[in-house]
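Please arrange chain B on chain A, whose structure you already have, making use of the hints.
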Amino acid sequence: MAVDPSRSIPSGIGKLRSGEERSIRLKKAGGKAADILYAVFRYALVVGISFIILYPILLKISVAFKDKIDLYDPTIFVVPKHYTLDNIRMAMQIMDYGPLLANTLLFVAVTTALTTAACALAGYGFARFSFPGSNLLFALVILTILVPTSTLMVPMYLHFRSFDLFGLYERMSGRPGVNLLNTYWPSIITAATAMGLKAGLFIYIFRQFFKGMPKEIEEAALIDGAGGIRTFTGIMLPNAISPLITVILFSFVWQYNDTLYTSLFMSESALMPLKVASLPAQANQLIPQLMGYASNSGIKSDPNHVAMIVDTGILLAIAPLILLYLAVQRYFVESIERSGIIG
Amino acid sequence: MKTVGMSFRTRRTLLGLAFISPWLIGFLLLFAAPLIQSLRFSFSKLSIAPGGYGLEPVGWANFKESLFVHASFNRVLVDSIAQMALNVPMILFFSLFTATLLNQKFRGRALARSVFFLPVILASSAVAAAESAGLINLMGDANAIEASSGAGVSYNILSMVRMLSDVGIPAAFTDYIVEAILRIYDIISSSGVQILIFLAALQSVPGSMYEVARIEGATAYESFWKITFPMVNPLILTNVIYTIIDSFAGSPVTKIIYETAFKTQNFGLSSAMAWLYTLVVGILLIVIGWVLSRRIHYN
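So the sequence lines, in the order shown, correspond to chains A and B. Our numbering numbers the first residue of the first sequence as -14 and each following residue consecutively. Our numbering numbers the first residue of the second sequence as 140 and each following residue consecutively.
The shape of chain A in the complex, shown without the other chains (with noise of 0.2 Å):
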């Protein structure tokens, strides 16, 4: 890092020792000095905000595998005395957590994968191609990422209750649009139109990153005779390995972290959003009879064990998700600079 050697030493000191050859060493002591200094620092920050980052996870690490009797040991600091794995099995049943998990990662994964598959078609014809009313398009794109999803709310779900491509499905049956609401289609048919959680911003990714691709390329494939679909699908996809982790990776996280849609659409689905957010008051009501105490016996639930069994929950709750980053995030933390982001 460069430090300026001549600030970081005190004048003082300066004047007292003659001869410019001690005085040029000693600014170079000095500045190591500086250096060092800087360095711990710099370290020392680092440390503190990752500190604050990961406390609440380690927290509920520490509340995963405590047994209920540490509850009321005040000795106890973050690291427990007796381990048990109960919380663990009882927030899993609380939440029905395999099925909901292989749910809802399938569903994330279908929505994500069609998302990023329109939105780089997207990018790229914004990129590539300039045609009449081109520019007033992509200035559309930008639009929807301006529009709050809260205005587009009511017409959605009405859109939804009673869906139907311009009047068709009516004229054919007769009958007044199919409710999709609380089936997948509402987010696949959003996500495959280029419309879902944040699709503006992903175009825009995509077409930055494609028009700052050489030209070259496509027009010798162009001369090879390569088709558009060809060269979009055999050159310019496979060179676009970096932003499109960055929106799988996005699209995927928003997408499982969401809840404004899922409620809005799927309210009574089983996905991994909608639990944990009713994940207290479940617990709250679960817990008496998980424990072995009949429905009606008036037995309440201690509110520090629930507020244990839903910290454990949400650790369940956001586990997949830090696997995933933990095996992507080479790619991705290396590679930000060239994923478009920026142009």
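Any given hint might turn out to be false.
[To be verified] DMTMM-like cross-link-like pairs, simulated, lysine to aspartate or glutamate; straight-line CA separation at most 20 Å:
1. A/K53 x A/D287
2. B/K394 x B/D325
3. B/K244 x A/D20
4. B/K244 x B/E350
5. B/K402 x A/E253
6. A/K13 x B/E355
7. B/K365 x B/E355
8. B/K244 x B/E361
9. A/K53 x A/D71
Derived from the structure by calculation, the hints contain no laboratory data.
Just chain B, lined up with the frame of chain A:
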């Protein structure tokens, strides 16, 4: 092939349209149409009937009701805009600072980066909802007991406030700083993407510029303000806009709009609220964009 007869230009146009067609269909069907519908709803009273709905025009009544009759909408709207105005500089400052930090070379940088982006992954409103429900209903986290029994580490903010005011810093500024410190977790967890954007910008600054500056005798401080800052300048606007948009999702206004629509079934009122919110945010974005873009230096 059919396309042989066409000119190269027409073919390119058709191909381009084919590439954007999924988006175009989605835009017309799931964005433009709902947007116009929502505008119509905001001027009507909407009643849900089986398999459809009925509209009854009411003029500006929904807008009047949301601004002057509804118990909390205007207050929450102002509050959340004020909150946004507070948050944006904090997040911006923190993310630029962190990006500069993460762009330097030190051992364990990759690890630090992974940790710093972790909040992007974990920013879940569902988790936040579950946690806050836990706080309200259940007298605190499982860790609250530890805190109350004195085992937890608590930080006394008051001593810092006194110290700052003794130094002679204006009270308003102290408040701002204290708030920033108290909400450091919120700020960190909502600035992940912004750090990413700034980091990408920093990495695109050519290293030769710094070399020249060093040879000319510029300090690290000077080269930050004379090189780094102007080079990432355009991204500041991007980040401001992103931060504002990002605050929609968890905004209490969105919650009110949602509840008005789906709990009290007042769809017209909810649409009017949504449009007011959109208008306010839109005006804000235009003003910020206009002010900032005059100061931006594009290279």
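For each hint, the structure was consulted:
no. : hint            : verdict
1   : A/K53 x A/D287  : holds (10 Å)
2   : B/K394 x B/D325 : holds (19 Å)
3   : B/K244 x A/D20  : holds (13 Å)
4   : B/K244 x B/E350 : holds (15 Å)
5   : B/K402 x A/E253 : holds (16 Å)
6   : A/K13 x B/E355  : holds (18 Å)
7   : B/K365 x B/E355 : holds (13 Å)
8   : B/K244 x B/E361 : holds (19 Å)
9   : A/K53 x A/D71   : holds (9 Å)
When held up to the earlier numbered hints, the structure conflicts with none and fits them all.
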